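Position 58 (the sequence shown) corresponds to 351 in the numbering used here; numbering is contiguous.
Since the hints were made in silico from the structure, they are not lab data. Hints should not be assumed to be uniformly reliable.
Heads up, simulated DSSO-like pairs for lysine-lysine below, C-alpha to C-alpha not over 27 Å straight-line [said to hold, decoys possible]:
(1) Lys-884 / Lys-867
(2) Lys-629 / Lys-679
(3) Lys-867 / Lys-954
Label pairs and their calculated CB-CB ranges [to be verified]:
(4) Gly-734 / Gly-572: 28 to 38 Å
(5) Glu-573 / Thr-669: 22 to 32 Å
(6) Asp-882 / Gly-572: 35 to 45 Å
(7) Glu-697 / Lys-867: 42 to 52 Å
(8) Ala-367 / Glu-877: 53 to 63 Å
Source: prediction; values computed, not measured. From the three backbone atoms N, C-alpha and C, an ideal C-beta is built for every residue, glycine too.
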Amino acid sequence: MNKSNNILGRFLPVISLSFFLTACSNEVPLEQHADAAGHTPATEATIKANQRVLETLPFSDRQDFIDARRGLVAKAEGLVVTDHAGNKLWNMPAYDFVAYDGKQAEAPASVNPSLWRQAALNNIHGLFKLTDGIYQLRGFDLANMSIIEGKTGWILVDPLTSEETAAAAFRFAQKHLGEKPVTAIIFTHSHIDHFGGAQGILDLLSEAERDALRIIAPEGFIEEATSENVIAGTAMGRRASYMYGKLLDRSERGHVDSGLGKGPAFGTFSIAEPTELVGETPTRMEIDSVPFVFQYTPGAEAPAEFTFYLPEHKAFCGAEVVSRTMHNLYTLRGAKVRDAVGWSQSIEEARQMFAQAELYFGSHHWPLWGNDRIQTFLGKQRDAYKYIHDQTVRMINDGLTPNEIADRIQLPESLSSDFSVRGYYGTVKHNAKAIYQTYMGWFNGNPALLDPLPEEEAARRYVQLMGGADAVVEKAQVLFTEVDDLPAEQVNKEYRWIAQLLNQAVFAEPDHVAARALLAKTYDQLGYQAESAPWRDFYLSGAYELRHGNPDEGMNLATMRTVFMHTPVEEFFKSMAVRLDGIEAEEVDLKVKIHFTDLNETYLLKLENAVLRHIHLDNVNAGNADATLNLTRPLFVDLIIGKAGISDLMFNEDLSFEGSKLDLIRFFALLDKPAGVFQIAAP
294 MNKSNNILGR FLPVISLSFF LTACSNEVPL EQHADAAGHT PATEATIKAN QRVLETLPFS
354 DRQDFIDARR GLVAKAEGLV VTDHAGNKLW NMPAYDFVAY DGKQAEAPAS VNPSLWRQAA
414 LNNIHGLFKL TDGIYQLRGF DLANMSIIEG KTGWILVDPL TSEETAAAAF RFAQKHLGEK
474 PVTAIIFTHS HIDHFGGAQG ILDLLSEAER DALRIIAPEG FIEEATSENV IAGTAMGRRA
534 SYMYGKLLDR SERGHVDSGL GKGPAFGTFS IAEPTELVGE TPTRMEIDSV PFVFQYTPGA
594 EAPAEFTFYL PEHKAFCGAE VVSRTMHNLY TLRGAKVRDA VGWSQSIEEA RQMFAQAELY
654 FGSHHWPLWG NDRIQTFLGK QRDAYKYIHD QTVRMINDGL TPNEIADRIQ LPESLSSDFS
714 VRGYYGTVKH NAKAIYQTYM GWFNGNPALL DPLPEEEAAR RYVQLMGGAD AVVEKAQVLF
774 TEVDDLPAEQ VNKEYRWIAQ LLNQAVFAEP DHVAARALLA KTYDQLGYQA ESAPWRDFYL
834 SGAYELRHGN PDEGMNLATM RTVFMHTPVE EFFKSMAVRL DGIEAEEVDL KVKIHFTDLN
894 ETYLLKLENA VLRHIHLDNV NAGNADATLN LTRPLFVDLI IGKAGISDLM FNEDLSFEGS
954 KLDLIRFFAL LDKPAGVFQI AAP
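Make a model of the complete structure from these sequences and hints.
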């Protein structure tokens, strides 16, 4: 396709959400005894390191398994959800290999025993009765869908990630609880695994139900839900494919869990406009004759979020402010750092406000019963974030760097021995680095790191000094072999050093087969030892990429059409600004007007000083432009998702040009269209 025909492709903002991606090439020969993806067996050193975990945690405590199974109404046997083409979007039987009932502490050599335990708990799925009038669907997606019985119908909380899984889950609930109208939907916060399935529910309702439906969300919900990943979405989406093990087999040497649940469902995503917003604490509301008390918690786990309490049930829904794991102050896919102190304070506020709670349930994991247990749980969740914050800042003031702090900080035994604050999702180490970033930024104060060489150039120079890539691999192979002889407590650190060493060789000579192969083996071992599911998936995804290459294509934006229809158009113009090639645009001054004919909204895009700005105009005739593009919002969205192409536009009544077509072509030719398939484990 020539450049002039591709101008609208360059216009399209490439937006990825927090999950996605694809397929690969560039193979490294697979070793004997490797699995189908090439992942090698656990070494003796890894076996020792994982065995040591069994000595540090109370694996004999089976209370979580009792709680996770309590109130089972029906298990969804053989739970598989497909799209219209028959592709599997959700496949619980794929996790049947996680065969652990909590009675024994044995795990495969290739999985950290603590993560194996969490994976087994997240395998427990079905429809559960939590108390009279409150039910929960677990294991139909990454998150839970909760169901509250109102006077006339069902109140649904957090309708999952995709339309397909949400519809399947609710149909399963109706089968066992009976069909009633849906009177309200509650979105607890602005992450897609809690609202993306909304249309799947709406499609099951009658027109009368939809007209009467109340949709309740925290203040700022639509803005945050639709814009979270617009600016850096391409990079975030690529990294999310690592974080959730998108390309990994579901197996003992692959993806076993995501810490919060099994993983996100990659189906069709949607959103629904709230009819009511909650922006204060406390906010009291009756929903279908059920009293609610809302706690507004912006800036804790999500920028728009609330928890709520049901006084008649003495039940506290913690949303995702609390979970049965340590959460992320910084998420590995990329995001703004969250406020550790504010998060801790939100938990304490809930602990005091809802001090009479006898039932806790959340947007992830299994419930908790009993006031004393709930108070203890909330106290430990509260203190975990505050402890990491306070101790990190103490060490910052002692002059320690982020890596030094991460290597030294440890939770006190009263917290570290509690499974509910173990690092299955977030970790003490990367959360401590997030707090350092909050206060001190990227620079650790060492002048040598003020303006370091880029990674590839530095790697070439290091490897040259070490005698070349062959020599580096030879030395690393000796170290790799000798790890088996080290004490268990030294194993992880040695593999980390070998990975750093081999990473230099791979970045210096990306096609060095032996370096890639040995680094992949090292990543295998680090992944097998990781207690955090995202850490495991990052290591194993890095190993997969080294063996098979980077993805060939990015996400299918067509699955996002409904969400994009609710995204403020100004967010797309912000995305265009960060894709402008500044060097190519250095001497270009242009003005392009975009007029949405159905919205009667007009924007002027001004390019000057190699910077693109957008201005909302009062009317279509305001402002001068070199070229004008007139189109409808649905056509604009179809362009974004690739549903409409250049040939469709030539004869489309919903689009017209005015002014200089050459200037329009010139303008859009200056915009990058990132594919989101860049390499991560290699340059």
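Would you mind confirming whether the straight-line C-alpha gap from Lys-867 to Lys-954 stays at or under 27 Å? Measuring from Cα to Cα gives roughly 23 Å; hence the hint holds.
Range hint 35 to 45 Å: satisfied by the CB atoms of Asp-882 and Gly-572? Since the Cβ atoms of Asp-882 and Gly-572 sit about 43 Å apart, the hinted range of 35 to 45 Å holds.
Using the Cβ atoms, figure out if Glu-697 sits within 42 to 52 Å of Lys-867. 37 Å, violated
27 Å limit on alpha-carbon distance, applied to hinted pair Lys-884 and Lys-867: With Cα atoms ~16 Å apart, Lys-884 and Lys-867 stay inside 27 Å; holds.
Going straight from one Cα to the other, do Lys-629 and Lys-679 come out at no more than 27 Å? 18 Å, holds
Outcome for the supplied range 53 to 63 Å, where the beta carbon pair is Ala-367 and Glu-877: 60 Å, holds
Using the C-beta atoms of Gly-734 and Gly-572, is the stated range 28 to 38 Å upheld? Holds - the Cβ-Cβ distance for Gly-734 and Gly-572, about 31 Å, lies within 28 to 38 Å.
Distance restraint hint 22 to 32 Å, applied to the beta-carbon atoms of Glu-573 and Thr-669: At 29 Å between Cβs, range holds.
The structure shown violates just one earlier hint, number 7.
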